[in-house]
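Chemist: Following the hints, complete the assembly by docking chain B onto the known chain A.
So the sequences go chain by chain: A and B. Residue 926 in my numbering sits at position 165 of the first sequence, with consecutive numbering throughout. Residue 800 in my numbering sits at position 39 of the second sequence, with consecutive numbering throughout.
One or more hints might be untrue.
Heads up, the list lumps identical chains together, so a pair's fine if it works in one copy or across two of them.
List time: in silico DSS-like cross-link candidates among lysine-lysine, alpha-carbon distance up to 30 Å [unchecked claim]: (1) Lys1015 with Lys1039; (2) Lys957 with Lys877; (3) Lys1025 with Lys1039; (4) Lys951 with Lys835; (5) Lys1008 with Lys1039; (6) Lys835 with Lys957; (7) Lys835 with Lys964; (8) Lys845 with Lys951; (9) Lys1008 with Lys957; (10) Lys790 with Lys808; (11) Lys877 with Lys951; (12) Lys790 with Lys877.
Hints were generated in silico from the structure; no laboratory data involved. All values derive from a computational prediction rather than experimental measurement.
Number of protein chains: 2
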Amino acid sequence: MTDEVVLALDAMGGDAAPQMVIDGIAIAKTRFPKVRYLLVGDEPRLKEMLASRQDVAEVCTIRHAPDSVSADAKPSQVLRTGRKSSMWMAVDAVAKGEAGGVVSAGNTGALMAVSKFVLRTVPGIDRPAIAGLFPSQRGETVMLDLGGNVDCNANNLVEFAIMGEVFCRIVLGIERPSVGILNVGSEDAKGNSAVKTAHSILKSHHMQLSFQGFVEGNDIGAGTVDVIVTDGFTGNVALKTIEGTAKMFSRFLKEAFTHSFLSKIGYLMARPAMHRLKLRADPRRYNGAMFLGLNGITVKSHGGTDALGFANAIGCAVDLVSQDFNAKIKEELAHLAEPEQPAQVASL
Amino acid sequence: MTDEVVLALDAMGGDAAPQMVIDGIAIAKTRFPKVRYLLVGDEPRLKEMLASRQDVAEVCTIRHAPDSVSADAKPSQVLRTGRKSSMWMAVDAVAKGEAGGVVSAGNTGALMAVSKFVLRTVPGIDRPAIAGLFPSQRGETVMLDLGGNVDCNANNLVEFAIMGEVFCRIVLGIERPSVGILNVGSEDAKGNSAVKTAHSILKSHHMQLSFQGFVEGNDIGAGTVDVIVTDGFTGNVALKTIEGTAKMFSRFLKEAFTHSFLSKIGYLMARPAMHRLKLRADPRRYNGAMFLGLNGITVKSHGGTDALGFANAIGCAVDLVSQDFNAKIKEELAHLAEPEQPAQVASL
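Chain A extracted, bound-state conformation (with noise of 0.2 Å):
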């Protein structure tokens, strides 16, 4: 099914780029050897980068844009004065259904409002989300929103939940994700309205959603459900808070190794073994924010990251796009218009 799928590259956003992007590519074609690529950004500099790369170059069709979106760029500027930017003819090229979706390294607010702008969001979904894959215990862990809506109300995060099982099945393969909302407590009284009121539709209603019911921060870790559905405020706290004990415990581990002649041994002695951890909690697998619920894939690429990072991100898009992630969100939808069904009735 890879066979048609065509993606959409902004090759200048990212530290790295485009080179990253260009690399990139040529680690993704080891895996889908058949998907082609629209590589759009400066054309003179990316013809002089392919015509060393004829492996990559044989999958991409470059498409010049005058112009890229900086880093510190405000999307609202962007919105108003980005239409020549790579990132947004990126984008445009998915809105005119010459590719299924898109990657960019770039300015992850400016390519959230641009992607929103352009693509527009799939009938039934109120607002799109940010999805991101967590490493845990039992493997890896599904969440968002991570950041796209500060605010949410319940039906956004039945939304959430839909698409995060959908992404789920699709990404990580998972014939029946199991699903919580994130909350304060795992009792059924705990949390706010959005929470409980969110709960309760997706406790009653029929679909095929394994819902487990509330989670906690803990959860994430273990790995206790699939697909963890949140709000953006705490869902990007959450990834932050994660990213940031993560260095903190790296950085102790370091420190503790290095503060004897004896632990110095230690680590070269253990060094396979920190490899092997760190290998596993490698941020690069767990590249590329999924923007859910656009008419459209949008991936979003860590600005810092490097071309393996890159090529992942694209496996993501390609995965998304060939399986038809926003079909299937529309027929899960469906389930969620349908009626409840009537209590049955016990004969007199």
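Modeler: Same frame as chain A, but now just chain B:
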């Protein structure tokens, strides 16, 4: 100043109570020899235990409580029927002025409900907050609220900032603690209306508070500011996310070290380093959630804590009582009420 400090202790709260409470007093006594305790619980049992512990008995007065609060009791139920419990009677001793503060390792929700009901909030404080200490790369960070208030408005956040700052001065001994509001970005325009309004209040008023603006989830572990202010929903999720991430990291580390024969040898060599790491992140060092803003100090020790953890919770209560936390809060609140200085107009 600890000469006159009396603490009420819920002798029956916590998994290992009352033994852990008595052993905790013995440890605390080495640091605070003059502090006295009102030990509230099952008198016959406590008397028997103290018979062989003269060192502890000499700083304790036992008060009989016929009941205790179970770990899974609902706060509302405890409010209705818990007046004869060790928890309630310990809190009540503070309300009656017999003790300056109370420490309990019992049911958190019940302790918060009873403390609010019996002690009431300090004039000028709308809602009490739960504060805690977190390890960071720079030392320790205070964060509040950790779950007392699921929905917070801007004024609540401002009050939390004031209480957190005074708490940090007293407990961590930092003369001029820096304060930040937890948000989804550090730019002034980001976030929901509560954090934005709180930001402008804290920026504009003329208190001594060293307000640093917005911080993000990763700033908790980085230790960017001394005090992090947030609503109880986000704070509770962040607290538990840190716990979950630390657990996952420890598990990954253990698995990495037990993966092969060589890595096991590496682990043996690195054991002192690992032990150092463990000590640094020892949850017992950070034991105790403080309920701030009530007429009296309530410290909640972790339910599963041991004597060392309980002694740390006692230490925190002693610091807050002996340095008159509530008097300092009132001083700061008075600043908040002062009118803004009119802008100086240059003479023409």
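Chemist: Please go over all the hints and tell whether each is borne out by the structure.
Modeler: Outcome of the hint check:
| no. | hint | verdict |
| --- | --- | --- |
| 1 | Lys1015 with Lys1039 | both (12 Å within a copy, 13 Å between copies) |
| 2 | Lys957 with Lys877 | both (28 Å within a copy, 24 Å between copies) |
| 3 | Lys1025 with Lys1039 | both (18 Å within a copy, 17 Å between copies) |
| 4 | Lys951 with Lys835 | between (37 Å within a copy, 12 Å between copies) |
| 5 | Lys1008 with Lys1039 | both (12 Å within a copy, 16 Å between copies) |
| 6 | Lys835 with Lys957 | between (35 Å within a copy, 18 Å between copies) |
| 7 | Lys835 with Lys964 | between (40 Å within a copy, 23 Å between copies) |
| 8 | Lys845 with Lys951 | between (49 Å within a copy, 27 Å between copies) |
| 9 | Lys1008 with Lys957 | between (34 Å within a copy, 28 Å between copies) |
| 10 | Lys790 with Lys808 | within (19 Å within a copy, 76 Å between copies) |
| 11 | Lys877 with Lys951 | between (33 Å within a copy, 18 Å between copies) |
| 12 | Lys790 with Lys877 | within (29 Å within a copy, 62 Å between copies) |
The structure agrees with every numbered hint stated previously.
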